[in-house]
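Following the hints, position chain S against chain Y.
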Amino acid sequence: MKKLKKTFIYLFLSIATIISIYPFFWMIVSMTNKSVDVTQGRQLPGTYLFENLRKLFDQVDMVTALTNSAIIAILSTFFTLFIASLAGYGFQMYRSKGKDIVFNILLLSMMIPFASIMIPLYRLFGRISQTAPIIGIDTLAAAFLPTITTAFFIFFFRQNTKMFPKDLIEAGRIDGLSEIGIFFRIFVPTMKTTYAAAAIIAFMNSWNNFLWPLVVLQSPSKQTIPLLISNLGSSYAPDYGMIMSAITIATLPTALVFFFMQKHFVAGMMGSVKG
Amino acid sequence: MKQLTNKNSIGWLFVLISVAAITLFYFYPMFDALLLSFQSGMGANLEYVGFDNWSRLLNDPTLRQALINTMTYLMIQVPLMIVLALFFSVILNDPDLKFRGFFRTAIFLPAVTSLVAYSVIFKYMFSVDGIVNQLLMHLNFISEPIAFISDPVWAKVVIILAITWRWTGYNMIFYLSALQNIDRSIYEAARIDGANSFQQFIQITIPMLKPIILFTTITSTIGTLQLFDEVVNITGGGPGIQTISISQYIYDLSFKYTPNFGYAATVSYVIVILVVILSIIQFKVAGEKE
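Chain order of the listed sequences is Y and S. Just so it is clear: in the first sequence, position 22 is 22 by my numbering, and no numbers are missing. Just so it is clear: in the second sequence, position 211 is 211 by my numbering, and no numbers are missing.
In isolation and in its complexed conformation, chain Y is listed as follows (with noise of 0.2 angstroms):
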């Protein structure tokens, strides 16, 4: 009874991992492939991997979009990780009545669906584009700006806050550094993990972002690699090998950091509940 117990569960997660792990390894393999094969059901790896690359890179404009969304994922990023951990270790080492509301009130922006705000956000680029043009709608600066901050990072740097030790601070006070000079010469660098992962959920979600550079970015040479898979998939006659490469290539970053920074990576999906 129990040895069957163990070989269903066995299978169980077989069957599981099959399926979790089969759409990689046909992207993998259709990669490779010429389309025809892939329509055909090839599942052994080909030799098409670089007909299908210089496809990729002469037919669409492969290097702008990686460019574009190198671009704005690098600076949603720093952008972040420096303005909620300002706040994060602002709400913590410096509580007060006031700021404890002020940051409970922030929160609530966490409950507004961005598909609600997507349209006065439109708006409010459109304002902004009559008097400065240069980070109105179209630009990158634009794809950017509403994710510079949000509540999910000033909580998860506020919650990491707590377990900073007090004494650091009071040693650099004695030390003579001022409070900003604390938070850049002792915080920052004591938080490098926290940091780390910050910073890995901050780049995955602005590099996988659709929705928002899909209303604001609508030059073609404005586009980011969400918006050119986005395109590639809903052509009437899709070229599966060259969509296949452009879509690997869109999950490699995520998928090393993944493999690489494991613990980072799952600590930083895990800043939102512990504590």
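Just to be clear, a hint being listed does not mean it is correct.
To be verified - Anything over 10 angstroms on all C-beta distances counts as not near chain S; from chain Y, calculated:
{"id": "1", "residue": "D58"}
{"id": "2", "residue": "G136"}
{"id": "3", "residue": "P165"}
{"id": "4", "residue": "K263"}
Unchecked claim - Calculated lysine to aspartate or glutamate pairs in the DMTMM-like style (CA-CA distance at most 20 angstroms, straight line):
{"id": "5", "chain 1": "Y", "residue 1": "K3", "chain 2": "S", "residue 2": "D94"}
{"id": "6", "chain 1": "S", "residue 1": "K256", "chain 2": "S", "residue 2": "D96"}
{"id": "7", "chain 1": "Y", "residue 1": "K6", "chain 2": "S", "residue 2": "D96"}
{"id": "8", "chain 1": "Y", "residue 1": "K34", "chain 2": "S", "residue 2": "D129"}
{"id": "9", "chain 1": "S", "residue 1": "K7", "chain 2": "Y", "residue 2": "D100"}
{"id": "10", "chain 1": "Y", "residue 1": "K2", "chain 2": "S", "residue 2": "D96"}
{"id": "11", "chain 1": "Y", "residue 1": "K6", "chain 2": "S", "residue 2": "D94"}
I should point out that these hints are in silico values taken from the structure, not numbers from a laboratory. Yeah, the Cβ is synthetic: ideal placement off N, Cα and C, and Gly gets one too.
The following block gives chain S in isolation, referenced to the frame of chain Y:
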């Protein structure tokens, strides 16, 4: 005392940029959407029309379909995923299990994909000449390929399967980490008292995991209510409007059809109201007093 107030104001400086940014990019737009919901017109030429948009909500077949679809996804997908994730986490929490790390990583892996990317992959896998049809025909389960994407029922099934594939492992990780905090001696005691594994699961595991189950249910619910990427990239809302989600309808109203920001903003408040109501219900059901 003077130093204390001084520290307090320095603290405000630390949080200033965040407060400004969230006010500008979240709270102000919410307020603007409320104002917009009382206006109508094309593009930027808007005028106040009272409650016209709000009464239009009651008689909008597309909205009704979008609500039915979103609720269908919600009622089937969220419970299915939570139960699966719980099941996996309990199995994978067994220290005697071999290849634990491998199984955990494999089941979590879908969570690293971008929503657009995996949606396109699912669309192709379930296409008429796709791999799923080829497999089913090869196994003689069906003789003719099924038009998964263009059938109103199958299309919903594909969307639900896709979301479940992407998020089950993600939720499992939350349960696994919560399970590690449960003292094993509780299970020992239950076993001595003669409780079988199913009874242990219902009477120990579920109650201990209640807060985290609530958390994942709320985040999944909010996520499903905002569903956009999957529907747009797998079915495009079709056939017809059979799989359209509320978010997609808002997008279409604003940017695809003749732009009607006023009505789109009104529809967007439907999501806000649903998020608030469902969150309250879930808190009440779970009996949380916070």
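Going down the list of hints, with the structure as the test:
no. : hint           : verdict
1   : D58            : holds (21 angstroms)
2   : G136           : holds (14 angstroms)
3   : P165           : holds (18 angstroms)
4   : K263           : holds (12 angstroms)
5   : Y:K3 x S:D94   : holds (15 angstroms)
6   : S:K256 x S:D96 : violated (55 angstroms)
7   : Y:K6 x S:D96   : holds (11 angstroms)
8   : Y:K34 x S:D129 : holds (15 angstroms)
9   : S:K7 x Y:D100  : holds (15 angstroms)
10  : Y:K2 x S:D96   : holds (13 angstroms)
11  : Y:K6 x S:D94   : holds (11 angstroms)
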